[in-house]
Amino acid sequence: MPLFTTNRTDPIGSQPFRISNRARGSGSPSVLLAILLILVVGATLFIFVAHLYPAPAPISRDAVLVDRQYHLTLYVTGAVFLLAQLSLAYIVVRFRDRGQKARFVRGNVALETFWTSLTLFVFVGLGVLGRKAWADARFAPPASGAIQVEGTTYQFVYAFRYPGKDGKFGRIDPSLVSAPSGNPLGIDPNDPAGRDDVVASELVVPVGRPVELLLRSQDVVHNFFVRELRLQQDAMPGMIISVNFTADQIGEYEIVCTQLCGLGHYKMHSLLRVVSPSEFEAFLSHQAMAP
Amino acid sequence: MSFDHPASTAVHARSGARPGIFRRYVFSTDHKIIGLQYFFLSLAAVTIGLFLSLGMRFHLVWPAARLPLVTGGIMTPEQYLALVTMHGTIMVFFVLTTAPQSAFGNYFLPLQIGAMDMAFPRLNMLSFWLTLVAFLVMLSAFLVPGGAPISGWTAYPPLSGIGEITGPGEGAGQSLWIASILIFCVGSLLGSINFISTTIDLRAPGLTLTRLPLTVWAWFVTAVLSLLAFAVLFAGGILLALDRVARTSFFLPAGLVVSGELQTHGGGSPLLWQHLFWFFGHPEVYIAILPGMGVVSHILANFSRKPVFGYRAMVFALCAIGLLGFLLWGHHMFVSGMNPYSSLTFSMLTLSIGVPSAVKTFNWLGTLWGGRLQFQTPMLFALGFISFFVTGGLSGIFLAQPALDTSLHATYYVVAHFHIIMGVAAIFGIFAATYYWFPKMFGRKMNKALGQLHFWLTFAGVYAIFIPMHFVGIAGGIRRYADSSGARYLVSLQPLHAFMTIAAFITAVAQLAFFYNFFWSMRQGEPASANPWDATSLEWATASPPPPDNFAGQFPTVYRAPYEYSLPAAPRDFFPQHLQSEHEAPPQEGSSC
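Listed in order, the protein sequences are those of chains A and B.
According to the numbering used here, the first sequence is numbered sequentially starting from 1.
According to the numbering used here, the second sequence is numbered sequentially starting from 1.
Since the hints were made in silico from the structure, they are not lab data.
Some clues are possibly wrong.
Partial chain B-side listing against chain A, Cβ under 10 Å, derived [as the list claims (entries may be wrong)]:
(1) Y25
(2) T29
(3) G169
(4) G337
Note that the structure is a prediction, hence the values are computed from the model and not measured.
Beta carbons are placed, not taken as given, at the ideal position from N, Cα and C, and that holds for glycine.
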């Protein structure tokens, strides 16, 4: 059956270079395409290596773990990107039509099995290694001694509530929500637990202390994103979502909303202020004084 | 061996009196006309979608500039978000779903399997007209008070579920959006039933499953995905419409306070919408890209003068992508508040789909290896597709891991990723298909010099837009922001935005080369023979353009595999599927019915 034999006599390379009529038209596109592919790979590599637009430095242990996984993934996918694009560039130049006869090959089961297994191993392997960074950040219960802060979002505002000295949040009643009368969260005035609650427009936390942030939303889906924590979490109406972090570096970091929430989405913004323990105490008592 | 030809039983339907011009070109049941109608619909849609994106890109760099066609002259944040929503919706539904599957699939599926039409021609016509109505309803959202919706193409409730109290465009505009999507779903469902039946029932004698061109396999798998995915979107859309109109609470929990007003809804979950939407939305990505994969395989074999490397592996990979595509919608929801344990499951499944995708890439390179590569315009676009598919696939490896997604989610990194893999790669598939099949559709070739110009500018332009966009995202640039005044660090990313905007305008202008080439070549192009590319599959076994019944009564029988190029013993370097022996006379060209 000649139909299913593989022609192993390789005309490419073994045949003397022969200019056919086709060659004139097809040499230049192959070279130009190869050059463009090399430029694309080069430009991408350059921006990464030169750190032109880097993410900010991480400020928590979890964020450092995330970065480690990010770099591992970057090296692996970067190598594949390089190899694949450059192979394509090589192939289009080497096998451009110079009048040679194409090699008749239907496939190669051994080769195909090899690269299928290899990709499975590499891709799923990355996922297995990346498990830890996610598990550490999301599976662990809040550490003992964590301070609790409730983050409430509504169009286009963040409000952060601290439970006060009693360590308990007062009850919330949506029918009492009224920003004009100074109760934007709807805290029930009849609940004694709520009387010492502190509400602030910025998230102030002491450095090195675990924080459990309880996210909720009054109206639509919003989001809490701090780049330096590598932490992004939606605030989903009807749910209270707990996220944990420990910020290890004093400073101011921007909180932005990443979930499309309406016309003011792009302005929805707050600050995470990581302060010394004494400053934190001062902040709480100052806020509690405020009317 | 004798074959009972499936097409012969239906021949009488086409042998009657020639229908009037209205029935032939407007309310036609001919799959070729319907395919062209879909094509021109998506051409109109892509033009509108492109202008919307240029409006956005311009606004991001020059937010205070006065623009034509913008009410009030200077674009407001809600107008920006309306552009975001409509650009995404129009491109995803009316371009990426419509052009590769409905347009080219309709035109070429029956031709490639040797049938005279789709299985249900009237249903086919209904599918198109529903899609057209859906498109008009979608566009009308711009004209109602409040304007087009601002909730994005994903329309997450409660923003989309309550009404105009959540924002401008969330009143009538959002209702029209949902109505349009529901109509579109029905059209797509009917279309997919048609594709599936046609592929199963109307194949020419001898055209076994392993002799199908990979385009047919791709359209078939895509049709199965459409059937299952659009059914779910339809259900979700009905529930969302009920929440808005009948004040039910499928997606709305109790205690919502919007703009200071307590809502009366209660008991629903916004997460439910996200699950339903992405159960559709993720397979939708593959609905957009699978036909492109088929077209690229088809074209690579043709212009490498080689059989597709590992044909069976290619078919298995298509099916594997189709199946896995339904199991990983949760990777869109890593930060939604879904159970964090399920994120890891979705993550592993997402990374696994990289395997069949990589198999396809390897086999494309294997097809090229040792070939005699002819850089015709369709071949260039097919090669561009491979490059984008690799780039977009690899950037997805980051997003597939929840730990990394928490820094990249909803940034421009995601925008760059899905534009390259779902937008541009799919569009390159569409361009490749257009340049490749234009001679068959119009009997003339497109201009090669203009085609090459179009390719070089678009290929370079796309990378110039989207490589910097990844870095904006890595630095934390948030998508769907009307300008960068919201956070201090965003300002430092403005130079990259300016670069991308300029690249986008140049790339957009380059598309004029395509439009000019297309419409000029329809009338003035070099006349094409029945088989101008020396190809093997059945669409080239009939005249260009094909007669109304496709094969002028001479329905083909298939004798061999689809990509028999450069067979060692054959005198010519291609062996058409319908020829029994090499000595058989080539099909008569220009034979009329």
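Against the structure, the hints:
1. The beta carbon of Y25 (chain B) comes no nearer than 37 Å to any beta carbon in chain A, farther than 10 Å, and the hint placing it at the interface is violated.
2. Checking T29 (chain B) against chain A: minimum C-beta separation of about 39 Å lies over 10 Å; hint violated.
3. The closest approach between the C-beta of G169 (chain B) and any C-beta of chain A is roughly 9 Å, which is under the 10 Å cut-off, so the hint is satisfied.
4. Look at G337 (chain B): its Cβ gets to within about 4 Å of chain A, closer than 10 Å, so that hint holds up.
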